[in-house]
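Chain by chain, the residues run as shown.
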Amino acid sequence: MKILIKNGYVYDPLNKIDGEIMDIAIENGKIVESISGEVIEIDAKNMIVMPGGVDLHSHIAGSKVNSGRLLRPEDHYKDIEKKTNIRRSGVGHTIPSTYTTGYRYSEMGYTTVMEAATPPLKTRHTHEELNDIPMIDKGCLTVLDNNWIVLDYLSKNELEKCAAYIGWILNAVKGYGIKIVNPGGVELWGWGKNVKTIDDQVPPFNITPREIIRGLCKINKMLNLPHTIHLHTNNLGTPGNYRTLIESMKCVSDLSNGSIILHVTHVQFCGYKGYSWITLSSGAEEIAKFVNENKYVTLDLGQIVFGDATTMTADGPFQYILYSLSKNKWINSDVEAETSAGIVPYRFKKKNYVNAIQWSIGLEIALLIKDPWRVFLTTDHPNAGLFTSYPKLIAWLMSKKAREKILEKVNKRAKSKMILPSLEREYTFYEIAIVTRAGTARALGLKNKGHLGIGADADVAIYDVNPKEINPSKEYKKVRKAFRKAAYTIKDGKIVCKNGEIAENIFGKTYWVNVDIPKDLLVSTISEVKGKFEEYYTVKMENYAIHENELLKSAPLKINSNL
Amino acid sequence: MSSEIFLKPKYDFKVPIDASAISPNEFSGKTLEGIKNIKIWEGNKEKTLGDLFIIEGNTSSEVKNMKIILEGDFSKVRRIGSNMSDGEIIIKGSVGFHLGEKMSGGRIIVEGNADSWLGSKMKGGLIEVYGNAGDFIGAPYRGETKGMKGGTIIIHGNAGNEIGCWMRGGLIKVKGDCGLFPGIHMKNGTIVIYGNTEGRCGALMKGGKVIILGKVPTVLSSFTFEEIRSSVKANGEKIDGPFYVFTGDLNEEGSGKIFISTLNNTHLKFYEKYIE
Chain S
1 MKILIKNGYV YDPLNKIDGE IMDIAIENGK IVESISGEVI EIDAKNMIVM
51 PGGVDLHSHI AGSKVNSGRL LRPEDHYKDI EKKTNIRRSG VGHTIPSTYT
101 TGYRYSEMGY TTVMEAATPP LKTRHTHEEL NDIPMIDKGC LTVLDNNWIV
151 LDYLSKNELE KCAAYIGWIL NAVKGYGIKI VNPGGVELWG WGKNVKTIDD
201 QVPPFNITPR EIIRGLCKIN KMLNLPHTIH LHTNNLGTPG NYRTLIESMK
251 CVSDLSNGSI ILHVTHVQFC GYKGYSWITL SSGAEEIAKF VNENKYVTLD
301 LGQIVFGDAT TMTADGPFQY ILYSLSKNKW INSDVEAETS AGIVPYRFKK
351 KNYVNAIQWS IGLEIALLIK DPWRVFLTTD HPNAGLFTSY PKLIAWLMSK
401 KAREKILEKV NKRAKSKMIL PSLEREYTFY EIAIVTRAGT ARALGLKNKG
451 HLGIGADADV AIYDVNPKEI NPSKEYKKVR KAFRKAAYTI KDGKIVCKNG
501 EIAENIFGKT YWVNVDIPKD LLVSTISEVK GKFEEYYTVK MENYAIHENE
551 LLKSAPLKIN SNL
Chain D
1 MSSEIFLKPK YDFKVPIDAS AISPNEFSGK TLEGIKNIKI WEGNKEKTLG
51 DLFIIEGNTS SEVKNMKIIL EGDFSKVRRI GSNMSDGEII IKGSVGFHLG
101 EKMSGGRIIV EGNADSWLGS KMKGGLIEVY GNAGDFIGAP YRGETKGMKG
151 GTIIIHGNAG NEIGCWMRGG LIKVKGDCGL FPGIHMKNGT IVIYGNTEGR
201 CGALMKGGKV IILGKVPTVL SSFTFEEIRS SVKANGEKID GPFYVFTGDL
251 NEEGSGKIFI STLNNTHLKF YEKYIE
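Just so you know, the protein sequences line up as chains S and D, in that order. For the first sequence, counting from 1, position 549 maps to 549 in this note's numbering; every step adds exactly one. For the second sequence, counting from 1, position 117 maps to 117 in this note's numbering; every step adds exactly one.
Don't read these hints as lab results, they were simulated from the structure. Be aware that one or more of the hints could be misleading.
[What the hints assert, rightly or not] Below, in silico cross-link-like pairs of lysine-lysine (PhoX-like), each with a Cα-Cα straight-line distance of 25 Å or less:
| hint | chain 1 | residue 1 | chain 2 | residue 2 |
| --- | --- | --- | --- | --- |
| 1 | D | Lys206 | S | Lys349 |
| 2 | S | Lys349 | D | Lys146 |
| 3 | D | Lys206 | D | Lys233 |
| 4 | D | Lys45 | S | Lys82 |
| 5 | D | Lys76 | S | Lys78 |
| 6 | D | Lys45 | S | Lys83 |
| 7 | S | Lys349 | D | Lys149 |
| 8 | S | Lys509 | S | Lys30 |
| 9 | S | Lys327 | D | Lys149 |
| 10 | D | Lys146 | S | Lys351 |
| 11 | S | Lys78 | D | Lys233 |
| 12 | D | Lys76 | S | Lys349 |
| 13 | D | Lys233 | S | Lys82 |
| 14 | D | Lys92 | S | Lys78 |
| 15 | D | Lys123 | S | Lys78 |
| 16 | S | Lys329 | D | Lys206 |
| 17 | D | Lys45 | S | Lys329 |
| 18 | D | Lys47 | S | Lys327 |
| 19 | D | Lys76 | S | Lys350 |
| 20 | S | Lys329 | D | Lys146 |
[Said to hold, decoys possible] Label-pair distances were calculated between CB atoms; the ranges are:
| hint | chain 1 | residue 1 | chain 2 | residue 2 | range |
| --- | --- | --- | --- | --- | --- |
| 21 | D | Gly34 | S | Tyr77 | 26 to 32 Å |
| 22 | S | Asn85 | D | Lys30 | 30 to 36 Å |
| 23 | S | Asn85 | D | Trp41 | 18 to 24 Å |
| 24 | S | Pro421 | D | Asn83 | 26 to 32 Å |
| 25 | D | Tyr274 | S | Pro421 | 18 to 24 Å |
| 26 | D | Ile275 | S | Val539 | 57 to 63 Å |
| 27 | S | Ile321 | D | Gly124 | 23 to 29 Å |
| 28 | D | His156 | S | Asn328 | 34 to 40 Å |
| 29 | S | Lys78 | D | Asp73 | 55 to 61 Å |
[Stated by the list, open to error] Negatives, chain S to chain D, calculated, CB over 10 Å:
| hint | residue |
| --- | --- |
| 30 | Arg72 |
| 31 | Asp75 |
| 32 | Leu255 |
| 33 | Asn292 |
| 34 | Glu469 |
| 35 | Lys519 |
| 36 | Ser561 |
By construction, the Cβ of each residue, glycine as well, lies at the ideal position given by its N, Cα and C atoms.
Given these sequences and hints, build the entire structure.
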């Protein structure tokens, strides 16, 4: 299929194109220089043309997501999607069913989504669900920091073997990168404990969270993985934890040679200042100052959106705290796997002091960090808000007036403590394109995503809003509306969405890293690990590995490791 | 002028029917023809009321004058009287799930049996069932935590399990027996059971009253015995006892009360030694 997108205002930050009127030509699922012959012309006059959205942190598939669905029947029955000739039926809301997840991302112009945490043992389930999510390209980050064999190697400082083992796991479970969740703390949670600082000992391995983060950061470099380590810090969701965050970011400072080596995720949840929930305030200024000065770290927001949410992380101890606070129903799952997920339904309220502060932290960080290439827009779906709320976030970032509208309604004591009302910055469309697609694609190391250069994947989103006529600061509602339903979403060179309605049901690829490890190192490591595996695991090592044909559309990235 | 509408099934229903449209609020102000054309789901097929029922009578423009009389077997027909605020529904036969869901006023009378989730999330009005009723009376949909808030449900026969689940107000009276867990998760309101229960009354309750005049096998260990009281008030009506009074559920730090007739529960006599 050949498509020509004509006369749109193109925003393509990776190629430094800022709202120029250009034509985009698509042939065989790729962006090409020019096309001739029979083409489908899309008139994008007075519209914005951007690369397809790339979300680098969202919980859309896997064992805990599914447990969340089971926990919350009340979540679904008010939000029902009817079957049509093209789309399948399903249910929506905080944890939509697989098909609905794909459709709703696509309706917003998103084309690539990364599932943020999957325990290796349960990754087969994750892939089964990812196979059932249509419309988007996907992948999953593998939780590796609380794996006993990894901890054992790290404590003995046998980094090469550890790297070989991690490389083997990523190949075996078809993961995309290294996710770190509350390093050390999650392992201790199996014993009913947690860590308080990054220098606490984790028995019986006698290792500290600092050593785990540093070790995995080094291994990430040794393996040459496309994405950096993806860190969910210790002490998440506890007052005063911005210090832990800054300590965690500092602890890898000497490992960078100018490149980006660390991604800290849902930073809003670790930006709390104060000594208790009553004295809670925002640590955004300190965090932003650190990130502005240190170029080796990227962040994503985990922005709160007021309303219903289902918190779910692989951080069991944090979820227990949340359960104790909310007294809501909860699940503690996957403790028997290499992690310990928790799930608690939660409702963020404007009039709640803590929730209002949380809301301000995310936006303050986004507005105070000068370089949009290093801070990305997420809600840590479905933890702080739903991915369907991204248009709201875009409006908040683009318009002070939109923020003020919410500030009128939030808790008064919280408002008096915020610095958000004094922040004048408003994002431009160019910057929005960076934080929602170009920056995230670059951070994930997906070379063909997030831009519209020649040879890029033909993933394009067209939004019906005229950037030259509209003043997003004042008319933020129009912007919100446009980003909610893309005029066109093009995926792999096919028009999959038109005027916010699904036009064609397609299935995207599943990305994973195929790391090339020296054969003798791999053989010696695996023979060493095999005994432990037999002892620790409920499955055989052979059954642990997921065969490539279990993925619907496998897209391995061949990686040459530095081992 | 009051008006009566009669509905009779045209055939035996085999699949469930979502009939939230059968309510005085929907019918008032419509002509007979208009009522026949109301859309309704039979299984996965969209049909009209006229396709499924023989409809006769005359309508009224005012909700409070509307009287809907259903004759026949409606046990596959769900959500009748959903969201009704006034008027009357009389069912001469049995009826399906979710009768009177979220209703805020008016009256529903069932001459046969009613199924589960009777008066689900009800806010006001009256439901009276002359036969038996199913489980989860007044309860919200699965997973939700906000149940019946007001109004009265009277069941002359027996009721099933978990009646008054997540109840926040109002009154449920069961003249016959009921199953397990009456008043589970209850926060406020009153449940009166004139017959026996299968037990585990008030599990996880935080407030409200459960009054049992019949037999109770045991009382949950998370309830503490308080005193013996000669009578108790249920929404202003005095009910004579005497009653053993228990407070709980301590697992939830609750302060709900269970009143259990002493005369029918002599096996609970050992609690009396805890009275100082």
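Tested hints:
Distance hint between lysine 206/D and lysine 349/S is fulfilled; the C-alpha atoms sit about 23 Å from each other, no more than 25 Å. Distance restraint check for lysine 349/S and lysine 146/D: the Cα-Cα separation of roughly 18 Å lies within the 25 Å cut-off, and the hinted pair is therefore satisfied. Among the hinted pairs, lysine 206/D with lysine 233/D is consistent with the structure: their alpha-carbon atoms are about 19 Å apart, no more than 25 Å. Distance hint between lysine 45/D and lysine 82/S is fulfilled; the C-alpha atoms sit about 13 Å from each other, no more than 25 Å.
With a C-alpha separation of about 22 Å, the suggested pairing of lysine 76/D with lysine 78/S holds against the 25 Å cut-off. Taken as a hint, the lysine 45/D and lysine 83/S pair is honoured in the structure, with Cα atoms around 13 Å apart against an allowance of 25 Å. With a C-alpha separation of about 23 Å, the suggested pair lysine 349/S and lysine 149/D falls inside the 25 Å cut-off, and the hint holds. Note on lysine 509/S and lysine 30/S: the hinted pairing holds, with a Cα-Cα distance of about 15 Å set against a maximum of 25 Å.
Between lysine 327/S and lysine 149/D the alpha-carbon distance is near 21 Å, which keeps this suggested pair within the 25 Å criterion. For the hint linking lysine 146/D to lysine 351/S, the alpha-carbon distance of about 21 Å falls within 25 Å, and the restraint holds. As the CA atoms of lysine 78/S and lysine 233/D are separated by approximately 38 Å, the hinted pair breaks the 25 Å bound. Taken as a hint, the lysine 76/D and lysine 349/S pair is broken in the structure, with Cα atoms around 40 Å apart against an allowance of 25 Å.
Only pairs whose Cα atoms come within 25 Å are accepted, and lysine 233/D paired with lysine 82/S is rejected, the gap being roughly 49 Å. For the given pair, lysine 92/D sits about 31 Å from lysine 78/S by alpha-carbon distance, which is inconsistent with the 25 Å threshold. Note on lysine 123/D and lysine 78/S: the hinted pairing holds, with a Cα-Cα distance of about 19 Å set against a maximum of 25 Å. Proximity of lysine 329/S to lysine 206/D is assessed by CA-CA distance (about 15 Å); at most 25 Å being required, the pair is judged to hold.
Restraint check for lysine 45/D and lysine 329/S: not satisfied, since their Cα atoms lie roughly 36 Å apart, outside the 25 Å limit. Taking the CA atoms of lysine 47/D and lysine 327/S, the gap is about 44 Å. The hint is violated against a cut of 25 Å. Between lysine 76/D and lysine 350/S the CA atoms are separated by roughly 43 Å; this puts the pair beyond 25 Å, and the hint is violated. The suggested pairing of lysine 329/S with lysine 146/D holds, with an alpha-carbon distance near 14 Å, which does not exceed 25 Å.
The hint said 26 to 32 Å for the Cβ distance between glycine 34/D and tyrosine 77/S, and at roughly 29 Å that hint holds. At about 33 Å, the CB distance of asparagine 85/S to lysine 30/D agrees with the hint of 30 to 36 Å. For asparagine 85/S paired with tryptophan 41/D, a C-beta distance near 19 Å keeps the hint of 18 to 24 Å intact. Distance hint check: the CB atoms of proline 421/S and asparagine 83/D are about 42 Å apart, inconsistent with the given range 26 to 32 Å.
Remark: the range hint 18 to 24 Å for tyrosine 274/D to proline 421/S is contradicted by a beta-carbon distance near 59 Å. Remark: the range hint 57 to 63 Å for isoleucine 275/D to valine 539/S is upheld by a beta-carbon distance near 59 Å. As the Cβ distance of isoleucine 321/S to glycine 124/D is approximately 39 Å, the hint placing it in 23 to 29 Å is violated. A hinted range of 34 to 40 Å holds for the C-beta pair histidine 156/D and asparagine 328/S, which are about 38 Å apart.
Against the hinted window of 55 to 61 Å, the Cβ-Cβ separation of lysine 78/S and aspartate 73/D comes to about 30 Å, which falls outside the hint. Against chain D, the non-interface label of arginine 72/S is violated: not every CB pair exceeds 10 Å, the least being about 6 Å. A cut-off of 10 Å between C-beta atoms contradicts the statement that aspartate 75/S is not in contact with chain D; the least separation is 7 Å. Remark: the non-interface label on leucine 255/S is consistent with the geometry, its nearest Cβ contact in chain D lying 46 Å away (cut-off 10 Å).
Distance to chain D confirms asparagine 292/S as a non-interface residue, since its nearest Cβ pair spans about 44 Å, more than 10 Å. With a cut of 10 Å on Cβ distances, glutamate 469/S stays outside the contact zone with chain D, its closest approach being about 42 Å. Residue-level check passed: lysine 519/S sits 52 Å from the nearest beta carbon of chain D, beyond 10 Å. No Cβ of chain D approaches the Cβ of serine 561/S within 10 Å, the least distance being about 47 Å, so the stated non-interface status holds.
The earlier numbered hints that this structure contradicts are 11, 12, 13, 14, 17, 18, 19, 24, 25, 27, 29, 30 and 31.
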